[in-house]
Structure formats: structure tokens, C-alpha cells
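Asks: Given next are the chains, with one letter for each unit.
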Amino acid sequence: MQTVEPLLQEAEFDQKILDEQKIEPRDWMPEAYRKNLIRQMSQHAHSEVIGMQPEGNWITRAPTLRRKAVLLAKIQDEAGHGLYLYSATETLGCTRSELIEALQTGKAKYASIFNYPALTWADVGATGWLVDGAAIVNQIALQRTSYGPYARAMVRICKEESFHQRQGYEIMFALAKGSPQQKQMAQDAMNRIWWPSLMMFGPHDADSAHSSQSMKWKIKRQSNDFLRQKFIDQTIPQIKVLGLDMPDPEIRWNKKRGHYDHGEINWDEFYQVINGQGPCNHQRIKHHKRAHDEGEWVREAVRNYREKQNRRENSTMKK
Amino acid sequence: MNQEYLSTYEVFVRSARGLDHKHVGSLHAENSQQALMYARDVYTRRSEGVSIWVVEAINITASQEEDVESFIEPMDEKKYRHASHYQLPDKIDNM
Ligand SMILES: [Fe+2]
Ligand SMILES: [Fe+2]
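If you read the sequences in order, they're chains S and F. Note that my numbering has the first sequence beginning at 1, numbered continuously upward. Note that my numbering has the second sequence beginning at 1001, numbered continuously upward.
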């Protein structure tokens, strides 16, 4: 029995995946599937949370009250996305403190784009447009991921995400149609943020460490290169409407492929930034730690309050 | 048996894998294991679902609908939280 049962469970699991059934928290699942999910989902959660930092720097410097309200609303959404994703990850049997610790010790990664600074107001526009745009392409595909809680979190997030890209594009459009200096600012922000946005889809399929197993388990539904191309194809016409120059001189329509060709991504930079050498890696984690530590007194107060309540309940029950 | 001694349980059923559990109704039971069995017998007689949750009603903390304006602020003035608030140039068909 002892040898047959795991095999049977594994066969059942494989069949569910094959039949496009979702895997739910209490189902049996291979240990590697669970680990792989925890890695990907927590990385996703960390990205939502760390991603608030570069944009957060601009809340007090937004050019109008409306822009400020919009940016604040967007960043608040991202905090919510982090919460949905942490909670969904916890259904796999890990704790929030483990996840936070993995982030703060560098064991867990987050999207490398957030290790770049937001230098000008145009960066806020380019980030909403390109970074959220790339995230949406990725997240739409993940609505069909095989793990139920992850898929449901994605549906919710995609709904909320819809205004993020538009508000970014609106900023870019205003700048691109503004004074020559404003247009230049938009061009410069796009040029800088374009490449890290393409890197958000991860390494080429052939070089992606986790990809083939993730595809087999339907954690990932479409390959890195496929999604990247989709993002490029939908974004080029938007650049043209802005009237900006292409951020990559090799971009050109390939009639035969039915896609835009583009230049090669600087993968050395990608790995450098992922491995901690980006312009803001240190600052992002330091800030996260500080914010987390400064919140400790609140958590402590809540714990004490709960204990006090419990004591009170117990003593009234005894009476 | 006096029904007053039984607690009320709220019943949630997941109709298919991948969907949320949805509230379907409530019942009385002496404990959660029994509640689960009663729920199975009453609420899933025609293959309505693949998974059932039962929650003792007293464990549910709920907001009151009368409080909706002060508690769940409708945010009607924050139109910018919706994608439709942003005007895109005509040439951009979807974003
Ligand atoms: Fe998000
Ligand atoms: Fe977003």
C-alpha cells in the first residue's frame, strides 16, 4: 500500500492538470509543484509591494491634485494586490513571516524593474503604461493558471489593474503633446523603462530555469518569449500615437512573422540587477525593512489587545 | 430534541474546481462535522458541488447594510479608480 498510494495520488494529480481542472489548497500535490508555486507567487507578491516604492516617491511631487489622487489610488491598489497574493501563497502552507523574511534576506526575488529609480515625473507615466502594461499581459495569461487561489487572485487583480496602464498612458500623452522639454522627458523615460519592461517577462524560453516544468504543470500558460512578443506588438502602435521615437532602432514590422522584430535584450544587465547589483536593490530592501520594523509597535499592540480580550472572555465564562 | 440547543451553520458550496465557494443557505447542527453531513444531504443532492464549507454563524462578523454609507464608502466621487475615466486617443483601440 505504501508504495502504491503516492503513485495513485500523483496519477490523479496529473489527470486533473490534463483535464484543465484547478488544483485546490487541500488537494494532494507534488512537493515540487508546491515549492514552485510558492516561489512564483511570493515573487509576484513581493513585486506588488516593492513596486510601490519608486512610484511612492512621486506622491508628494505630483504636478496636480488630480494626478496625486490618481497615483495614490494606484499605489493603494498595489498594496491590495500584494495582500491577495500573500494570502493565496499562504494556502500552500507557509507563513507571512517566512515570506517576508525570504524577501528581506534576498532569498526571494521580485521583478527586477523595481530596482531602477523613478527619476522624473515622466517615469511615473512610463511605469504605469509599460510596467503595468507588461504585468497585465503576464497576469491575463495567469488567470488560467492551474492553482485555484492563484487563478482567482489574478482575475481580481486584472480587473483592478485596468486603470493603472491608462493613467500612465494619459501622463505620457500629455507630456508627449506638451512643450519640447516635456516631450523630451517622455522620450527619455520611455527609453530607460522600455528595456527593463521587456526583461519583466524573464529570460528567453531556452534559458529559463523553471519554465518547462511550470508549463507542464500549467502554472505558466504561455512562454516568456510569447508573452514578450505580445507586449511588444501591442505597445509599438501606442508609441507611434505618442509621436515618440522608437526606444530600440531595430524595431521593425516583420511581415513574414506577423510580428515586430526587435533588438536583443542586455541579459548581463538583467542578471546583474536580479542578483543585487541594480541601482536601487539595496535601498528597496532597506526601506522595506525600516517600514516593517517601524510597524512592529502596531502589531505588538494588536497582539496585546487580543490577549487582553481573551483573558476577559475566559474570566467572564468562569463566572 | 429542542432545536434551540443547536447552532446555526452557514453553508458554502464550490460548484466546480477553480470557482469560489458560494453561500447557499444555512442549517442547524450539533457540531461542525454533523453540519457538514447535513449540508451534503440537503444542499448537494443534485451534484451542485465538489466541496462544502460550513461555518458556525456566530463566528461570522458582519457589517450592517444600514451602515453602508459611513462604513463602505461608495467612493462615487473617486471616478479615477475606474478605467473608463481615462480618455484614450481614438487611434488606440484597446488598452
Ligand atoms: Fe498590481
Ligand atoms: Fe498595477
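The set of hints was computed from the structure by calculation and includes no laboratory data. One thing to keep in mind: the hints can contain errors.
[Said to hold, decoys possible] Below, in silico cross-link-like pairs of lysine-lysine (PhoX-like), each with a Cα-Cα straight-line distance of 25 Å or less: (1) S:LYS177 x F:LYS1022; (2) S:LYS286 x S:LYS308; (3) F:LYS1078 x S:LYS68; (4) S:LYS159 x F:LYS1078; (5) S:LYS240 x S:LYS255; (6) S:LYS183 x F:LYS1022; (7) S:LYS230 x F:LYS1022; (8) S:LYS16 x F:LYS1022; (9) F:LYS1079 x S:LYS68; (10) S:LYS68 x S:LYS159; (11) F:LYS1091 x F:LYS1079; (12) F:LYS1091 x S:LYS230; (13) F:LYS1079 x S:LYS159; (14) F:LYS1078 x S:LYS240; (15) S:LYS255 x S:LYS159; (16) F:LYS1091 x S:LYS255; (17) F:LYS1091 x S:LYS240.
This structure is a prediction, so every number in the text was calculated from the model and none was measured.
Asks: With reference to the structure, classify each hint as holding or not holding.
Replies: Going down the list of hints, with the structure as the test:
1. S:LYS177 x F:LYS1022: violated, 49 Å
2. S:LYS286 x S:LYS308: Measuring from Cα to Cα gives roughly 34 Å; hence the hint is violated.
3. F:LYS1078 x S:LYS68: Measuring from Cα to Cα gives roughly 12 Å; hence the hint holds.
4. S:LYS159 x F:LYS1078: Status holds; Cα separation ~16 Å.
5. S:LYS240 x S:LYS255: Holds, at roughly 18 Å.
6. S:LYS183 x F:LYS1022: The given pair, whose Cα atoms are some 51 Å apart, is violated under the 25 Å limit.
7. S:LYS230 x F:LYS1022: violated, 35 Å
8. S:LYS16 x F:LYS1022: Judged against 25 Å, a Cα distance of about 22 Å means the pair holds.
9. F:LYS1079 x S:LYS68: Holds. LYS1079 (chain F) to LYS68 (chain S) sits at ~14 Å (cutoff 25 Å).
10. S:LYS68 x S:LYS159: Holds. LYS68 (chain S) to LYS159 (chain S) sits at ~22 Å (cutoff 25 Å).
11. F:LYS1091 x F:LYS1079: holds, 24 Å
12. F:LYS1091 x S:LYS230: holds, 19 Å
13. F:LYS1079 x S:LYS159: Holds, at about 15 Å.
14. F:LYS1078 x S:LYS240: violated, 31 Å
15. S:LYS255 x S:LYS159: violated, 33 Å
16. F:LYS1091 x S:LYS255: Given pair LYS1091 (chain F), LYS255 (chain S) holds - Cα atoms ~21 Å apart, limit 25 Å.
17. F:LYS1091 x S:LYS240: holds, 10 Å
Taken one by one, the earlier hints fail for this structure at numbers 1, 2, 6, 7, 14 and 15, listed in ascending order.
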